[in-house]
Amino acid sequence: MISATKQVSSLESKILALSEKVGNTPIHNFSSALIGNNNIKLVGKMEWMQLGGSVKARAAYFIIKNAVESGQLTEQTILLDATSGNTGIAYAAIAKEAGIRVSLCLPENASIERKQILTELGVDIVYTSPLEGTDGSQQVARELVKDNPGKYFYADQYKNENNWKAHYNTTALEILNQVPTITHFVAGMGTTGTFVGTGRRLREINPAIRLIAFQPDSALHGLEGWKHLETAVVPKIYDPAVADEIIEVTTEESYDMLKKVYDIEGLLLSPSSAANVAGALKVAATLTEGTIVTVLPDNSDKYSEVIKKVLKK
Amino acid sequence: MATIIIPTPLRKFTNNTAKLQIAGGTIESSIKELTTNFPDLKRHLLDENGRIRSFVNIFVGDEDIRDLQQEQTLVKDDTVVSIIPAIAGGL
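Chain order of the listed sequences is A and B.
Be aware that the first sequence starts at 1, since it is given in the numbering used here, and climbs by one per residue.
Be aware that the second sequence starts at 1001, since it is given in the numbering used here, and climbs by one per residue.
The shape of chain A in the complex, shown without the other chains:
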């Protein structure tokens, strides 16, 4: 009898073994001193507590796992993507353990720590114009793929369905398990994978949950990881039907919240995590009661320049 069991390659086995290091992040319950209303709970998922130190472990893992299983990514091809840093670090952390090569297109003005980490993880970095942000990096990545047929697996986090599916299959279910009383899910948007994937699943399971997305107020914001969709190239995976509402958060509000969270909670967050908290408290101000859940994409480890400036205030 012919066995129907699929032969699992050694690369697939290595990737599967890493699943325990991705997701299942703990939660932080913010204090009423920060929220200012005893009838409202605010819960943040501490997404830096996984492989590579950010929320991006989820999307990167799903993208790589799917590409390996479908044969698009092998030990002979190179994983290529455009990234401002966190996705790149997540790719690199997974790839290093699995023995996959990684090339990343990165705007030249990405933070020093990110460049150092990527270099130490063995990534081949292609620097792109600081004037054009990650939209420019995407353009360079597309040209590399076009000019070198067969050399790369272009992960394309902005278009890759496994980006939002990672959150659909993990983040949303973890939230429902950890915070079953959730009434609102709120998060900022960059590739939009976290908000779209998590929101879509939460709505399917409990349509009463309100889904509120955050945006920077300007094209020139300081919220690394966020995208001002009005002036940027809109990611293909973005689904405008998911958000019940979109609220603006300014960089100044994020920096003020970063300091406040440190003073009250003792947590040193990244600017985008602090922006999610700032946005969540704007939502809280409109409610009499409820349970708001957000994600805290990463902590302050990679933002020494910002942290120094903010804590000095």
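If you're looking for bench data, these hints aren't it; they were derived computationally from the structure.
Beta carbons are placed, not taken as given, at the ideal position from N, Cα and C, and that holds for glycine.
A portion of the hints provided could be inaccurate.
[To be verified] What the simulated footprint calls covered on chain B by chain A, stretch by stretch (three residues with Cβ under 8 Å from a Cβ of chain A suffice, anywhere in the stretch; the number is not a length):
| hint | stretch |
| --- | --- |
| 1 | 1003 to 1011 |
| 2 | 1044 to 1057 |
[Unchecked claim] Each computed DSSO-like pair below joins lysine-lysine, with the alpha-carbon atoms no more than 27 Å apart:
| hint | chain 1 | residue 1 | chain 2 | residue 2 |
| --- | --- | --- | --- | --- |
| 3 | B | K1032 | A | K309 |
| 4 | A | K115 | A | K159 |
| 5 | B | K1019 | A | K159 |
| 6 | A | K260 | A | K312 |
| 7 | A | K260 | A | K41 |
| 8 | B | K1032 | A | K282 |
| 9 | A | K259 | A | K115 |
| 10 | B | K1012 | A | K236 |
| 11 | A | K259 | A | K41 |
| 12 | B | K1012 | B | K1042 |
| 13 | A | K309 | B | K1042 |
| 14 | A | K159 | A | K21 |
| 15 | B | K1019 | B | K1042 |
| 16 | A | K115 | A | K146 |
| 17 | B | K1019 | B | K1032 |
[Said to hold, decoys possible] Partial selection, computed: residues in chain A whose CB lies under 8 Å from chain B:
| hint | residue |
| --- | --- |
| 18 | G122 |
| 19 | P130 |
| 20 | L131 |
| 21 | D135 |
| 22 | S218 |
| 23 | A232 |
| 24 | T251 |
Keeping the supplied structure of chain A fixed, place chain B upon it in accordance with the hints.
Quick look at chain B alone, frame taken from chain A:
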């Protein structure tokens, strides 16, 4: 005339122009001239007190104006001023 380079995300507000000529003087007067000519740029570059927003990166040549004389940094005829966006594209 000095040159000011507009980053891609802001070109929507400068009729898609990437390079503009400005009279020079200081960074403060140059940005004022820029936002007078293109008023939609104002909220992106300046705070409610008319100061350059703290996270907006402005370079004169290769140097950040924070390491020079900040808003009082001189802009000469051959100076190239760049407005550099923060990195975006994560979550």
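Structure-based check of each hint:
Coverage of the stretch 1003 to 1011 of chain B by chain A holds in this model, with 5 residues showing a Cβ closer than 8 Å to a Cβ of that chain against a need of three. Coverage of the stretch 1044 to 1057 of chain B by chain A holds [criterion: at least 3 residues with CB-CB distance below 8 Å; count 8]. For the given pair, B:K1032 sits about 25 Å from A:K309 by alpha-carbon distance, which is consistent with the 27 Å threshold. Proximity of A:K115 to A:K159 is assessed by CA-CA distance (about 24 Å); at most 27 Å being required, the pair is judged to hold.
About 31 Å separates the Cα atoms of B:K1019 and A:K159, which puts this hinted pair outside 27 Å; it is violated. Straight-line distance between C-alpha atoms of A:K260 and A:K312 comes to about 13 Å, which keeps the hinted pair within the 27 Å bound. Taken as a hint, the A:K260 and A:K41 pair is honoured in the structure, with Cα atoms around 17 Å apart against an allowance of 27 Å. For the suggested pair B:K1032 and A:K282, the alpha carbons sit about 32 Å apart, so the restraint of at most 27 Å is broken.
Under the criterion of a C-alpha separation no larger than 27 Å, the hint pairing A:K259 with A:K115 is consistent with the structure, at around 25 Å. Among the hinted pairs, B:K1012 with A:K236 is consistent with the structure: their alpha-carbon atoms are about 21 Å apart, no more than 27 Å. Distance check on the hinted pair: A:K259 and A:K41 sit about 20 Å apart at the alpha-carbon level, within 27 Å; holds. Restraint check for B:K1012 and B:K1042: satisfied, since their Cα atoms lie roughly 13 Å apart, inside the 27 Å limit.
Restraint check for A:K309 and B:K1042: satisfied, since their Cα atoms lie roughly 24 Å apart, inside the 27 Å limit. Proposed proximity of A:K159 and A:K21 is supported: the alpha carbons are some 25 Å apart, at most 27 Å. Restraint check for B:K1019 and B:K1042: satisfied, since their Cα atoms lie roughly 17 Å apart, inside the 27 Å limit. At most 27 Å may separate the alpha-carbon atoms for a hinted pair to count; A:K115 and A:K146 meet this at roughly 25 Å.
About 16 Å separates the Cα atoms of B:K1019 and B:K1032, which keeps this hinted pair within 27 Å; it holds. At its closest, the beta carbon of A:G122 sits 21 Å from a beta carbon of chain B; the interface hint therefore is violated under the 8 Å criterion. For A:P130, the interface hint holds, since its Cβ comes within 8 Å of a Cβ in chain B; the closest pair sits about 5 Å apart. About 5 Å separates the beta-carbon of A:L131 from the nearest beta-carbon of chain B, less than 8 Å, and the hint is met.
Among the interface hints, the one on A:D135 holds; its C-beta lies about 6 Å from the nearest C-beta in chain B, closer than the 8 Å criterion. Annotation: A:S218 was flagged as interfacial toward chain B, and the flag holds, the nearest CB pair being 4 Å apart, inside 8 Å. A distance limit of 8 Å between C-beta atoms decides the matter here; for A:A232 the minimum to chain B is near 6 Å, and the interface restraint holds. A hinted interface residue such as A:T251 counts as satisfied when its beta carbon comes closer than 8 Å to some beta carbon of chain B; here the least separation is about 5 Å, so the hint holds.
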